[in-house]
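Sequential numbering of the sequence shown, starting at 10, is according to our numbering.
Certain hints may be false.
As the list claims (entries may be wrong) - Calculated cross-link-like contacts (lysine-lysine; reagent style BS3-like; alpha-carbon spacing at most 27 Å):
id: 1; residue 1: K198; residue 2: K24
id: 2; residue 1: K11; residue 2: K201
id: 3; residue 1: K11; residue 2: K186
id: 4; residue 1: K117; residue 2: K105
id: 5; residue 1: K105; residue 2: K24
id: 6; residue 1: K24; residue 2: K201
id: 7; residue 1: K105; residue 2: K63
id: 8; residue 1: K147; residue 2: K63
id: 9; residue 1: K186; residue 2: K198
Everything labelled a hint here was simulated from the structure, so no lab data went into it.
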Amino acid sequence: MKATVYSLEGEPSGKIELPSVFETEHRPDLIKRAVLSCISNRTQPRGTSLAAGKRRVVHYMGTNRGISRTPRTASGGRRAAFVPQAVGGRIAHPPKVEKIYAEKINRKERKLALRSAVAMSADSDIVRLRGHRIDEVKEIPLIVEDALQDLEQTREIAEAFEALGAFRDVERAQNRKIRAGKGKMRGRKYKKKKGPLLVVTRPVRSARNLPGVDVVTVDNLGPEHLAPGTHPGRFVIWTKSAIENLERIAW
10 MKATVYSLEG
20 EPSGKIELPS
30 VFETEHRPDL
40 IKRAVLSCIS
50 NRTQPRGTSL
60 AAGKRRVVHY
70 MGTNRGISRT
80 PRTASGGRRA
90 AFVPQAVGGR
100 IAHPPKVEKI
110 YAEKINRKER
120 KLALRSAVAM
130 SADSDIVRLR
140 GHRIDEVKEI
150 PLIVEDALQD
160 LEQTREIAEA
170 FEALGAFRDV
180 ERAQNRKIRA
190 GKGKMRGRKY
200 KKKKGPLLVV
210 TRPVRSARNL
220 PGVDVVTVDN
230 LGPEHLAPGT
240 HPGRFVIWTK
250 SAIENLERIA
260 W
């Protein structure tokens, strides 16, 4: 299967043979497991203090008092303390730092998930179903000359995306909304959309400030880049050298 290579002006400049990885079967079930494994491996162990909820002097008042046999504060009142059902008491089953959060996945399954994610990113129907605006995009998969990696200004990258018809998806990612729930208080106030993924052979710093755009080298390409939130079909912009080096990955 061949694909067209486009210049920075959006004009066809040649053809390239796509690697066999683009013909892999679609396995969204394995992609989901692989992405969840990546997320769980970043989970930081957490636990409570061993003295949490136990920093009160309490005493047991005995029976035959017409009240429950709950430890009370030593000040002479009837306020319960220390026990899990009391305000300010200990937690019955607190989180333990010994807990293993990482979800494992077989090596062959992870490799198949990555291959499948690459193949699903080349299906325009799946990319469009994920919400990306690709009506003006020249072709899916979109392959660009290596000159894109030499651009040093964000403005130049934006102009190249505009010529390739990919800037509408960047504009879609500019919008953000406040997250529902308590996540607003936990460092993730806003929900942001994912835009195009730029796969290159060397880092391109000039694309970092475009909203929703992620840049990754082909050697570091993972399932989470191609299927954020376990949803495959991300709009990917490949450089010609990235496609050529795609076969070198240990599939």
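| query | Checking against the hints above, which ones are violated? | reply | Result: hints 1, 2, 3, 4, 5, 6 and 8 break, sorted rising.
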